[in-house]
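The whole structure should be built from the sequences, with the hints applied where relevant.
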Amino acid sequence: MKNLKLILALSLALVAFVLPQRAAASSSDDAEGGFSPKEIIFEHLGDGYGWEVPFDHHHRIPLPVMVWADNGTFHCFSSSHIDNHALYIDGDYAWQVPAEGPNKGKVVRILPDGTEQKPAFDMSVTKNVCALWIAVLVTLAVCLPVARWHKKHGFLAPRGFVGAVESLMEFIYKGVIKPTLGEDSRKFAPYLLTVFMFIFLMNLLGLIVVFPGGANLTGNIAVTLVLSLITFFCTNLFARKHYWKEIFWPDVPMFLKCPIPIMQVIELFGALTKPASLTVRLFANMMGGHMIVIVLTLIIFIMADFGAAATGMATVVSVFFSIFMLLLDVLVSFIQAFVFTMLSTTFIGMAREKGHDEHHAHSPATN
Amino acid sequence: MELFTPDFGLIFWMFVAFAVLFLLLWKFAWPAIMKGVDSRAELIDKGVLYAREAKEQLDSAKEQAEKFEAEARSRQADILREADKMKSQIIEQARTEASREAKKEMEAAKAAIEQARKEARQSFRDEVSAAALEIATQVVRNQLADPKAQQKLVDNILDQIETAD
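Protein sequences appear in the order of chains U and Y. For the first sequence, our numbering gives the first residue as 1, with consecutive numbering after it. For the second sequence, our numbering gives the first residue as 1001, with consecutive numbering after it.
It cannot be assumed that every hint is accurate.
[Said to hold, decoys possible] The calculated DMTMM-like cross-link candidates involving lysine to aspartate or glutamate, where the alpha carbons are at most 25 angstroms apart (straight line), are:
#, chain 1, residue 1, chain 2, residue 2
1, U, K38, U, D83
2, U, K38, U, D305
3, U, K151, Y, D1038
4, U, K151, U, D122
5, U, K245, U, D184
6, Y, K1104, Y, E1092
7, Y, K1046, U, D305
8, U, K187, Y, D1038
9, U, K118, U, E43
10, Y, K1103, Y, E1119
11, U, K38, U, E52
12, Y, K1062, Y, D1078
13, Y, K1152, Y, E1162
14, Y, K1046, U, D184
15, Y, K1046, U, E183
16, Y, K1027, U, E183
17, U, K354, U, E267
18, U, K187, Y, E1042
19, U, K174, Y, E1042
20, Y, K1110, Y, D1084
21, U, K152, U, E170
22, U, K151, Y, D1045
23, U, K152, Y, E1042
24, U, K187, U, E246
25, U, K151, Y, E1042
26, U, K178, Y, D1038
27, U, K178, Y, E1042
28, U, K187, Y, D1045
29, Y, K1035, U, E43
30, U, K174, Y, D1038
31, U, K174, U, D184
32, U, K178, Y, D1045
33, Y, K1118, Y, E1107
34, U, K152, Y, D1038
Since the hints were derived computationally from the structure, they do not count as laboratory data.
Set out below in structure tokens:
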């Protein structure tokens, strides 16, 4: 009860504080063409040149833009030149990030006649790329101490942070990888554990609002696509004979596979949908989580048009639900990393399965 | 929608970043961690097995000890019983020996008493006969002098004998 009173008092104080500002700001908003939630949501979910600084919409942390122009020349410049859709003229080349049109949000070359020309390759270190490398460093900083502990102390159980990380790894290694892959676990565990730790830490970094985090990495389809493609290649390159037999000559009645290859088409389609489902599952879950938090925050500003009382109520509700959703996203971060790892393990495990006849032929040798 | 079209630059960087991370962890982290985790699990399993075996051994040792103890106890009881028997036997033997000895002694004593009595009787008889003879001689000597005095003499002698006895 005491806490509730405190929250109410704080929210009322917030209302009193926000009201005059809103009144002052509404006129400028109207001048800029209104408040557009969709714009803000996609800006926050998407990638960008430069990294936003909290409480400042005009300055960004500059990051290098690296592009190959259509004629093969390489250009590298600071993203601070093209902030806020500014035109950057670099000798004969002019670069800009258009605010509208098909190339919206991407750096393009502005030809002398004013048309936009997409660069051949855009290898810019964008916000997501920078966050990616931060995530790599964080993952290394989290995982290497565990290895060092094991090299130094042997079989002693680690304590503290190293112990927590190790228990997480052991949970995946013993709970997911070993029961599924059995004797192959030593071979595939490095990849699967890397995937788990990397996704988990990327998810968590995405939940931190300011600089080192805040990039919506696993909610970006390119990132999840690469991860699931690696799993796809792992599955198919290390597959045993039985896996291919199941695809091209499964144990079904002859009419289902011989004149018209119905089953083969279904199986091939199934093999291809596995990475697609992996991609979309992680991407959609993480992006959804981010989007819900942003929308909940935006409710405050949407409700601002309906007066002070509405804004105040919306603030309370929004803060409460945002915190709830962020906490839920911490759980989702773990669950999605776990699910991705578990499904990758299952796919690889299915591909490594020995057929019945093959199993019998090998059993005297392996036993 | 921009969100659903993967960006080529990001795909490239993601691949590079993941490859770098994977290679580094593959080389420096996972082998040590997996080996550590596996060996620790093995060690714990072994420890549990060892403890179980040790407990079994301890239990069997306890059982054995109990068996030994029971055996020793029964042996002790046997020995005690034996000793008791022997004791009573010895006592019995001693008793019979003693009674025999006592009998013998008693008989010897009886014989001695008999002998003594015989001797006493003999000596008494001798004395009495001697006294009688003396009396007789005195009586005979004084026979003619005074019958009264004779009577008195006889009484005196008899009194003497009586007091002497």
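Hint check:
1. U:K38 <-> U:D83: With a Cα-Cα distance of about 20 angstroms, the restraint between U:K38 and U:D83 holds, given a limit of 25 angstroms.
2. U:K38 <-> U:D305: holds (17 angstroms)
3. U:K151 <-> Y:D1038: Distance of about 13 angstroms is within 25 angstroms: holds.
4. U:K151 <-> U:D122: With a Cα-Cα distance of about 42 angstroms, the restraint between U:K151 and U:D122 is violated, given a limit of 25 angstroms.
5. U:K245 <-> U:D184: Holds, because 20 angstroms separates the two Cα atoms, which is no more than 25 angstroms.
6. Y:K1104 <-> Y:E1092: Holds, at about 18 angstroms.
7. Y:K1046 <-> U:D305: Given pair Y:K1046, U:D305 is violated - Cα atoms ~70 angstroms apart, limit 25 angstroms.
8. U:K187 <-> Y:D1038: holds (14 angstroms)
9. U:K118 <-> U:E43: Satisfied, since the Cα-Cα distance of roughly 20 angstroms is no more than 25 angstroms.
10. Y:K1103 <-> Y:E1119: holds (23 angstroms)
11. U:K38 <-> U:E52: Cα-Cα ~18 angstroms, so holds.
12. Y:K1062 <-> Y:D1078: holds (24 angstroms)
13. Y:K1152 <-> Y:E1162: holds (15 angstroms)
14. Y:K1046 <-> U:D184: holds (23 angstroms)
15. Y:K1046 <-> U:E183: holds (20 angstroms)
16. Y:K1027 <-> U:E183: With a Cα-Cα distance of about 20 angstroms, the restraint between Y:K1027 and U:E183 holds, given a limit of 25 angstroms.
17. U:K354 <-> U:E267: holds (18 angstroms)
18. U:K187 <-> Y:E1042: holds (19 angstroms)
19. U:K174 <-> Y:E1042: holds (13 angstroms)
20. Y:K1110 <-> Y:D1084: Roughly 37 angstroms separates the two Cα atoms, so the pair is violated.
21. U:K152 <-> U:E170: holds (18 angstroms)
22. U:K151 <-> Y:D1045: With Cα atoms ~21 angstroms apart, U:K151 and Y:D1045 stay inside 25 angstroms; holds.
23. U:K152 <-> Y:E1042: holds (18 angstroms)
24. U:K187 <-> U:E246: Roughly 23 angstroms between the alpha carbons, so the hint for U:K187 and U:E246 holds.
25. U:K151 <-> Y:E1042: Distance of about 17 angstroms is within 25 angstroms: holds.
26. U:K178 <-> Y:D1038: Given that 25 angstroms is the threshold and the Cα spacing comes to 11 angstroms, the pair holds.
27. U:K178 <-> Y:E1042: Answer holds: U:K178 to Y:E1042 is near 14 angstroms, not above 25 angstroms.
28. U:K187 <-> Y:D1045: holds (23 angstroms)
29. Y:K1035 <-> U:E43: At roughly 45 angstroms apart (the allowed maximum being 25 angstroms), U:E43 and Y:K1035 break the hint.
30. U:K174 <-> Y:D1038: Status holds; Cα separation ~9 angstroms.
31. U:K174 <-> U:D184: holds (13 angstroms)
32. U:K178 <-> Y:D1045: Holds: U:K178 and Y:D1045 sit about 16 angstroms apart, inside 25 angstroms.
33. Y:K1118 <-> Y:E1107: holds (16 angstroms)
34. U:K152 <-> Y:D1038: holds (16 angstroms)
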